[in-house]
Structures are given as C-alpha cells and as structure tokens.
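> All chains, please: the whole structure from these sequences, using the hints.
2 protein chains.
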Amino acid sequence: MVGNLEFSLLSAHGRARRGTYSVNGRTVETPAFMPVATQATVKTLSSEEIVGLGVQQIVCNTYHLWQRPGHDVVEGAGGLHSFMGLGEGGPAILTDSGGFQVFSLSGRRGRGARLPAETEGDRDEGWPELDGENAVPEGTSRERAPIVRRLDSDGVLFASPLDGKLYELTPERSVRVQHSLGADIVTALDECTPYPATREEVRTSLALTHSWERRSAEEHRRLNERNETRRAFFAIVQGGMYPELRAESGKILRELDADGYALGGLSVGEPKPLYRETLEQSAPLLPEDRPRYVMGVGTPADIVHAAAHGMDLFDCVLPTRNARNGQLFTWEGKLNLRNARFKEDFTQPDPGCRCPVCTQYTRAYLAHLVRAGEFLGLRLATCHNLYFYLQLMRRIREAIEERRLEKLLERVRTAYPE
Amino acid sequence: MVGNLEFSLLSAHGRARRGTYSVNGRTVETPAFMPVATQATVKTLSSEEIVGLGVQQIVCNTYHLWQRPGHDVVEGAGGLHSFMGLGEGGPAILTDSGGFQVFSLSGRRGRGARLPAETEGDRDEGWPELDGENAVPEGTSRERAPIVRRLDSDGVLFASPLDGKLYELTPERSVRVQHSLGADIVTALDECTPYPATREEVRTSLALTHSWERRSAEEHRRLNERNETRRAFFAIVQGGMYPELRAESGKILRELDADGYALGGLSVGEPKPLYRETLEQSAPLLPEDRPRYVMGVGTPADIVHAAAHGMDLFDCVLPTRNARNGQLFTWEGKLNLRNARFKEDFTQPDPGCRCPVCTQYTRAYLAHLVRAGEFLGLRLATCHNLYFYLQLMRRIREAIEERRLEKLLERVRTAYPE
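First to last, the sequence lines map onto chains A and B.
Numbered per the numbering used here, the first sequence spans residues 1 to 418.
Numbered per the numbering used here, the second sequence spans residues 1 to 418.
The hints are simulated quantities; they were obtained by calculation from the structure and are not laboratory data.
Not one of these hints is a red herring.
Which bits of chain A does chain B cover? Going by a derived footprint, with three or more residues having C-beta under 8 Å, they are: (1) 34 to 45; (2) 80 to 94; (3) 339 to 347; (4) 360 to 373.
Glycine included, every Cβ here is placed at the ideal spot set by N, Cα and C.
And the structure:
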C-alpha cells in the first residue's frame, strides 16, 4: 500500500524521530499535532486561521459527518477540504472510522469503563453546542448517543439520536463513508478496548478488530483502485494494557501493509504510569518506516514523552476544550483566566508568544470576555492554545534534530506537573 | 461645545444628507451604521475583523462595562480602544448613558411597556452568553436585570444583579463613567420613554430627562476642560409619540449646544406607521449642522427611510442577533440557513457579495454549522450580516450623492417587505 503516502525519516535521537510525509500533495512535518474538527470545524476557527496557524493535518469525525450533514452532502461539495473552505493550501485530513463514537459513546460496555467524555484524551469533542437542532451540551453525550441494536462480526446496527433511523456501521461502510468525505488518510474500523478489561475480553475484542481492519483495508484498496485520488490508510493496533496482546496485534496488522499505524485504546482512563508503560512497550511494535499515530494524546508532557518514544502523530481536544474553561496553555504552565489576579493584568497572555492573540490582547481583556461568557473569549483562547500546541511540536522537532529532547521534556514537565 | 467633533455636510438630496465628521482623529462617514459592542466585543468578531470590515464607529454599553469589568479596569487599560485591542486605526466609540439598561431592563414601568428584549430595535444585545459566571441567556434578562431601589430627581439607586451591591446612577456618574471608559462620544443620561405612555407621563418624564441632560452636559464640560482628550457629547431628544413634546424637547436641548443629537424613545414597540410618522416629524427638530442619531434603528428599510429624512447615525442588534438565529441579510432578502433547501446548496451565501464569508464558504457549509450548533456558524453569519449593513450604508451614501435614494429605498423594501 506504500506509495499513497510518502514518509521520510529526516533525523532521529534515540527512539525519537523527525520526519515528513506528503499525501495528496499536502506536506506534514512530524512529530505533528492534529487539531480536532469533529463536525468539519476546528471549534470557533475560520479556515483562514487554521491555515494561518500552520496546521498541517486535522482529524474529522466520520460518525458525526456521516450523520450530519451526511457524507453525500460533503461529497457533493467536493469533499471536506472544499466543504470547509480550506482550499488547496490547507491541511491534510485524517478521518477516524466512526467506531469510537458508536461503541464508546453508546455506553455498550458497563464494566467500569469510563465514558470517553470524562477522560482527558477524549477524541470526541464535547463543546457545548449552541442552538443547533440537536445540540449536545457537554456531559450529556450519553443521552444523545447512538443506541446499539445489534452487534455481530459483520458490524453494528444502531439507532441515530438525530433522526431515530437505523444505520449499519460495517468496515466497508466506514471506509466508503471516509472516501466520500474526501479524507487524505482513512482509518480502519476497530473496537477501542475500554479500560479496565480482562485479558479474555481484550482477546475477543482483538479478533473482531483484526477481522474488521482486514476488511477495511480490502475495501480501501478496492476504492483506491477505482478512483483517481489515492488516499492513504492507517491500521490501528489494539490489545488493551497487555503487552503480549499488543505485540500480537502489531504483528497481525503489519500484514495489512498500511501506510501508517496508530495505537488505539490508550488514554481511555488507565492510570498514567500504566499508560506510559504501555505506550513505551507498544511504540516499537509499529513499523519504523511508517508514520506512527497515538490516538487521543494528550497533555503537553504526554506528547513530548510519546515523541521521545518514537510516535509521530497526535490528536487531542485539550487545547480547544481547555479554552472553553478559560484555560490558556503557556510556557509557564496553565493559566486560568478566571483567576481574580488577571482582572487588571494588562500584560500579554503568554509572555513571548507571537500568536495573533498574544500580540493583540491582554490577560485583562481575555479574563473579561471569559467572565462575561463572550464567544470571542473562547475563540481567542482556542486560537492561542492551538498555537501553543503547534509551537510545542516545532520545539519537539528542533529538539530531536539538536538531540536535546530530554531537556524539553523536563521543561514541559516542570510547567505541567502531573 | 462645537469643536470636539467636526461635522461637514458633503451633499444633500431632499432631507437626506451625506456628511463626515472626525472625533479624536477618527473619521466617520455618514450616514453610518454602528455595530453594537455591549460588553466591549462586537459579538464573535476580533478587533482585526472589526477594522477590516470598515467599521467606523461602534456603540458600547456603559451600564454593562461599569458593572463588569468595571470602568476603572477599562481606564487602567487605557480606555476601550486599547482594552479591546482596536489600536489607533480602529473605529470611534460612542457609549450610551446606562439609563436604558437601568430603567427599561428593570421593568420599572408596568403600563404595558414591552420589554426592550422583545422589540426589534433593542439596543441591548441579548445573545446567549456561554458560561460566564453571570451568563444571561436571551429572554431572561429580566431576572438578571438591575433592581431599582429608589428613583428621584437626583438619580437612581439600584442593586446590581452581578454582585448584589447598591449603585447609584446620576447624570454626573454616567458621564464620569463614560469618560473613564474612554468614549469618543459621550451621551446624556435620559429616561427612555416607553410605549405606550400618556401625554402627562411623557411630560413628567421629559422634565426629568431635560434636567438630567443639562447636568450631564455640565459634567461633560467640566471633565473635558480638566482632561487632555476632548470628547464629544450627544444630547437625546425624547417626547414619546407626541409631536409637540418632541418639538419642546428639541428646542430645550438645542440650548445645550451638544456636538450631536439623538432621537431616543423610538423603536420601543410602537406600530411601524407611528414610528415612521414620529421619526419624520422629529428629524427636522435636530440641528442641521450636527450629526443626528436615531437610537436602536433598525431594519434595512428603516435605515434607508430614516436616512431619507435626514438621520445620520444608526445602531441595531439585528445583524448580530439574526446571525444567531441562522438568518443572513442578503440583497434578495433574508435567508434562513435552517431552510432544508440550503443543505446541498453549494453556491455562495449572498450572490455577488465580496465579504470574507461569501468569498470563502457555501450556503451548505453555513447551514451545516448552524444546524450543528457550531460557534463558527454564528461567527460567519455575524461577519456577513455586518458587512451587509456596512455595504447598505455605502450604497445609501452613494445614492444620496447620485440623488437616487428613493430607488434604493424601493429596492430594499422589495427585498424586506414589512
């Protein structure tokens, strides 16, 4: 399948790698952070701002866009790039499979699995939606979640919370929808193993995941051969927190010869030491000559740590979600705009930052907007936080080239203690 | 008082006038529309966008900013221009007196007066505020409104809904707060006469208004003499729907020699024919050589009509409020983005419009954002609607110069029938 995405390793420091790939004419420098555009919008930001911030790849959610406005509508617009007004110079787009939403949000598993909305690394953004017909305020996603009616090896039948109709998510359907959406990178349908799960549960889940991923890859090949645009395909390694199951999953999925590999089922509520241990053991299971993506990660320190262990791609709602709570990421640590001391602080939000927000506004103004519940506050905080994350990635790439990633990790851990 | 604001009449067509003024180095071409920035933000828009759209003057609300973040905080920032990050090239700022909020929002009068939130031309924007500590969702402003404890000829004592503390609004206090906020144009404290009101009620209200306006003017002169910046001062003509009382108010207030004159107490729930009649009778009462401002007006047709009768300045929440409801102003009339037919309409929102939204996005994308309750939808709709209003003003100014305002009025009335 190689050839749909051309990945080059530029330099390495220990297990950390600095690389670059191009997919459908769009270039991504790794390690890279992908802002989340759940409903075909990076919350509050215009396409011009997304491009202006230097975003090279975003993640869109197949489940949400399939349901609304419909993949056929997006296809009619010429795909997501065109629908979102991103144009040719815009970022590459990776779509998830939709499985995460259908399974996890439906609360199908009751074995103590935390709902994703409660976990820090949640990939499905739960921002309060304003007055959409089917607005989903944060924290109530369960009531608005798809209701699973039947699940078997073929796929999953669910009732949509938007129109009450039944939909079937199969590996083939997921991949077809992703192709319709115009994704540059399509991902395999998998089952995101919840935490905790017994070894036997994970083993059963893995069998389903591997079968679905194989079918996803086949459907992807078929569509790529039929169509002009050659999209890339990422497989997802699962296996819970069990090293030997992760190893098995890595080995089986290598056979798919995917353009890239993701680690799924991490940052789903497990304790941080277990997360780190599993990540460190799992990263080397992914082929070295393909981009490696750890889904739903994470905090600044998590990202530097994962990059140090050879991961290349990251996505997380933290920069956008924290903006909503009035929190700014700065190089001195988190800054809570609701804090009374910022009321008359006329200095720039993040000292030294050159983002469009820090060069134009003061802490006092942002604090006022947040307290007054003004949209502009969310918008400006989102813009700064994404700039911070993109700046973090630039510094990671430089640090790898200059062989000083440990120092950067130390600095970030000091600013963001666990 | 002339000299704080230099107004020049450039051309006239019937009673309509095309003019220009400069205040504190900022130039405004009239007739002009002023977007509303209640809480020191034109809802959703960055300062860069406000300037980029060509906005020459905005209205900020004294009551809101006095209460939060506090006029002392804004003064500490160097005034509203600086606080909002507008810089030197930004628009002029007019502040209201705060009286409208304290009196009308408090529901002090029970005689069938419609609450401003229900009227089309309401100057106090009631957008749903997100998660501010004291967020005021639209339609609930009454519960969150100031509670009037004492009202006499001196002023009004009220309890703030934000901190429960007592505040006193007097003419002197209003003007001092406006000077602290750094307004280029300060307005007199008046009582906005509700509709309906008996002749006797209006007469009583007028006596209070005139005494307050005189005191406002005196305090303004005192502060202007003391300080370096020479701010301008607008008086407000009241008189309800009674022509002879309007005439009396106009005559008395001319004595204040204000830099500009406003018509208050219009668009407060009266029937449209009565509104038009009162406006037509009242406009000539205002001095010809000063800018004339009709507060809280209005629809596109109302603005062209008022300009045809010699009014120069307008402010209204319609472009921003309608954006929230998914309505776009276009030259073909209102466009409701929730309409099913836009779901797959990949044409530009307002055909021929050159605003940043119409040149980048499709109706289908905006419709999707609105249905999905995404902030970006509000933001893009707001941006387009303000561009439309500013474009309307450009066309009014051209039409006055080219002596074809009647034709423009006809076109706008066809697109926006009552």
